[in-house]
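2 protein chains.
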Amino acid sequence: MSLRPQRTLQLPERARSMPASPIRKLVPFAERARARGIHIHHLNIGQPDIETPREMLEAYRGYDEKVLAYGHSAGLREYREALARYYVEQSIQVTADEILVTTGGSEAVLFALLAVCQPGDNILVPEPLYTNYLGFAVMAGVEVRPIPTRGDDGFHLPARAVIEARIDERSRAFLYSSPGNPTGTVFGREELLMLRDVALEHGLFIIADEVYREFVYGGDIHTSLFHLDGLTERGIIVDSVSKRYSACGARVGCLLTRNEQVFDTLLRFGQARLCPPTVDQLAALAALGTPSAWLAETRREYQARRDVLVDALQAIPGLRCTRPSGAFYLMAELPVDDAGRFCQWLLESFDLDGRSVMMAPGDGFYVTADAGRREVRIAYVLRREDLLDAVRVLAAGLEAYPNRT
Amino acid sequence: MSLRPQRTLQLPERARSMPASPIRKLVPFAERARARGIHIHHLNIGQPDIETPREMLEAYRGYDEKVLAYGHSAGLREYREALARYYVEQSIQVTADEILVTTGGSEAVLFALLAVCQPGDNILVPEPLYTNYLGFAVMAGVEVRPIPTRGDDGFHLPARAVIEARIDERSRAFLYSSPGNPTGTVFGREELLMLRDVALEHGLFIIADEVYREFVYGGDIHTSLFHLDGLTERGIIVDSVSKRYSACGARVGCLLTRNEQVFDTLLRFGQARLCPPTVDQLAALAALGTPSAWLAETRREYQARRDVLVDALQAIPGLRCTRPSGAFYLMAELPVDDAGRFCQWLLESFDLDGRSVMMAPGDGFYVTADAGRREVRIAYVLRREDLLDAVRVLAAGLEAYPNRT
Chain U
1 MSLRPQRTLQ LPERARSMPA SPIRKLVPFA ERARARGIHI HHLNIGQPDI ETPREMLEAY
61 RGYDEKVLAY GHSAGLREYR EALARYYVEQ SIQVTADEIL VTTGGSEAVL FALLAVCQPG
121 DNILVPEPLY TNYLGFAVMA GVEVRPIPTR GDDGFHLPAR AVIEARIDER SRAFLYSSPG
181 NPTGTVFGRE ELLMLRDVAL EHGLFIIADE VYREFVYGGD IHTSLFHLDG LTERGIIVDS
241 VSKRYSACGA RVGCLLTRNE QVFDTLLRFG QARLCPPTVD QLAALAALGT PSAWLAETRR
301 EYQARRDVLV DALQAIPGLR CTRPSGAFYL MAELPVDDAG RFCQWLLESF DLDGRSVMMA
361 PGDGFYVTAD AGRREVRIAY VLRREDLLDA VRVLAAGLEA YPNRT
Chain G
406 MSLRPQRTLQ LPERARSMPA SPIRKLVPFA ERARARGIHI HHLNIGQPDI ETPREMLEAY
466 RGYDEKVLAY GHSAGLREYR EALARYYVEQ SIQVTADEIL VTTGGSEAVL FALLAVCQPG
526 DNILVPEPLY TNYLGFAVMA GVEVRPIPTR GDDGFHLPAR AVIEARIDER SRAFLYSSPG
586 NPTGTVFGRE ELLMLRDVAL EHGLFIIADE VYREFVYGGD IHTSLFHLDG LTERGIIVDS
646 VSKRYSACGA RVGCLLTRNE QVFDTLLRFG QARLCPPTVD QLAALAALGT PSAWLAETRR
706 EYQARRDVLV DALQAIPGLR CTRPSGAFYL MAELPVDDAG RFCQWLLESF DLDGRSVMMA
766 PGDGFYVTAD AGRREVRIAY VLRREDLLDA VRVLAAGLEA YPNRT
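Residue numbers (our numbering), protein chains in the order written: chain U, 1 to 405; chain G, 406 to 810.
Accuracy of the hints is not assured; some may be wrong.
Said to hold, decoys possible - Not close to chain U: a few residues of chain G, all C-beta gaps over 12 Å, as computed: (1) R421; (2) A425; (3) R459; (4) M461; (5) R490; (6) G525; (7) P551; (8) E596; (9) G608; (10) R639; (11) P696; (12) A701; (13) A801; (14) E804.
Claimed, not checked - To be clear about the criterion: a stretch of chain G counts as covered by chain U if any three or more of its residues have a C-beta under 8 Å from a C-beta of chain U, and this derived list gives those stretches: (15) 436 to 447; (16) 493 to 502.
Please keep in mind that the hints were generated in silico from the structure rather than gathered at the bench. These figures come from a predicted structure and were not determined experimentally. Glycine residues also receive a C-beta, built at the ideal position from the N, C-alpha and C atoms.
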């Protein structure tokens, strides 16, 4: 065999610009710390520790078909009908034919972008943002334009003029999560009405990621995009069972749209990948039968954790954070030169009686250069006593950190 | 509330060009036929009727974690290690670190295209082709350039010059399936060596879809892309458990690459969507423990069906088809004006003692305009007696069809 020399291999721009997970570079440091015998409190991840509802797990155990077959590309009919009943209970008026089941909320976001954007178009996303939006945007060839929000405003939307200044002729959609990852912020009805008015005036879609819908605390009410009038054509909701039922590994999400043209387009994307996983959909169907007490108890637990965490964090000198109303994350500003360096230092050079803490550096949640450099995202998916100990370690680490500001 | 009039909504070009399933337009006719009490033999679908191995189904029933958590973005380590052992047994030399588990072979194809192509690039695909490649190409912004193959040549690759004439400076990869969907053709070592030489000379990747690897009949040997030398950088294999274990609903596939740069890119696409479904991966792991007798028996069954089907088809006057060596499909040329119209007529206007037959019109498997208009794809995932009856119905239908040629 004689082969001519290969051309030099360089992957194209899209491949190179695809972002890695923002905590990926810290993982080796955490592994080395563990190898040194350090116990790491993981404040960096959004994997709930709450047990998956029994009803859901039993659906896996009860699977009794003989052939594990493809389902419908839009999702199993029975599941879609049950989902429609769930949404109507949430005052979200959709029918089974307006629901497309997806492989996690991830695929839902990707399909929504593919459906409403052409490569080279842009979307507007409140910042800090869920980092995987950036990956889906690269996959869809779409530019992400950040809408700036500020911690001191609880990361609520800025004034209409700030938003409108970022719209141009290639803008196609708003994309937001509420309750928000990474902020925990719950957008209120008034700010969503403002966003709707801007969207309709400029001919934009609104893609609302509502995967944390059930986790709103302290009497705040969750406003769904579909609680607003006027969005039959332009509104798309992204949802997922991952967080609601502590079932991240099921990979079952969905898209809601009342626009037939959009639904037909989403379905064609769905047909290309054949169907979402079948048994997991049956499990997600069973999850809808979880007693409402389970969700209420889970909500109470997260709220108690939030309060324990925020109280403890706010007692740390120089640390700034507000008390978010939903989800199980918050962004905190630290009195350090660079939160990424500090997070690495905690894993590499610090422990309190054999314990350290891992957090997600804030700059990974921003598109804007240099934004979020003193921030970290903290997830509260640990038991209260572990959260308290994690904050104790963090406080001691801040005391000891040589580049404290 | 006063809203200004919305701009007219038109979805962008990508959304409009996304292809629908090629059998979709026949579905309403099949439903109406069923409503009239007609029994439909489904020769149109690739959903195996073979029972999923017991080992795999028991893995669902045995799932006993308390929290259904995310797995690693590259797939569960234990599953990847077991996969590596499987591949080494197939003389495919890969390690667990060269395997990325995907949500079905579908996601594997999409990720491969996203990784090696820029929007506007093109890929070369032997035609007729697996139609969902067209959908993934639209999603990735990639043009599909067909490499023509002919039924009379058993749909094997054409001469090198025919292939090279289709390459230009935006060509980035070959993509083929072998054993092939929709043709059943198994590419031999010599033609794959030719393809490799062309790829290396022109700096192209080869993406080999080998999901039907285990279904090769009559002593033919399956040549995997990784059985060829020289493709460490440029070779990517797509695989899936869907067909091998009659587990289409599991949505577990994988990508193999020995190119670190490509693996790292694929992993970043994987991180964006977090992970493949967890329990399904455990089931796929268990499937690897299926006794080899199960696969041997399944292979014998498909081969027997192929022979029954091809013998019966070849006895129909004017119908042309060869005996393919693998998978469970074939393309047949019918003595009709237009196979799509004939398929619709069978469902709308014909029955033999209350039975009719549904096939996939061939033109859906071609990019080239007007190609495949007299062809149908026939899948043999029915029991032999049903296949024989389906061919009986088809033959009678051809006799009765007013636009027979």
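Outcome of the hint check:
1. R421: Violated, because the least Cβ-Cβ distance between G/R421 and chain U comes to about 8 Å, which does not exceed 12 Å.
2. A425: Non-interface label fails for G/A425: nearest chain U Cβ at 5 Å, not farther than 12 Å.
3. R459: 10 Å, violated
4. M461: G/M461 is in fact no farther than 12 Å from some Cβ atom of chain U, at 7 Å.
5. R490: Check passes; 23 Å lies beyond 12 Å.
6. G525: 9 Å, violated
7. P551: Non-interface label on G/P551 holds, nearest chain U Cβ at 18 Å vs cutoff 12 Å.
8. E596: Holds, since 15 Å exceeds 12 Å.
9. G608: 3 Å, violated
10. R639: 7 Å, violated
11. P696: Consistent with the label, G/P696 stays out of reach of chain U, its closest Cβ about 18 Å off (over 12 Å).
12. A701: 19 Å, holds
13. A801: 29 Å, holds
14. E804: Its Cβ never comes within 12 Å of chain U, the nearest being 33 Å, so this holds.
15. 436 to 447: As far as the segment 436 to 447 of chain G goes, the hint is violated, because 0 residues have Cβ atoms under 8 Å from chain U.
16. 493 to 502: With 0 residues in contact (Cβ-Cβ under 8 Å with chain U), the coverage given for the segment 493 to 502 of chain G is violated.
Consistency with the previously given hints fails for numbers 1, 2, 3, 4, 6, 9, 10, 15, 16, ordered from lowest to highest.
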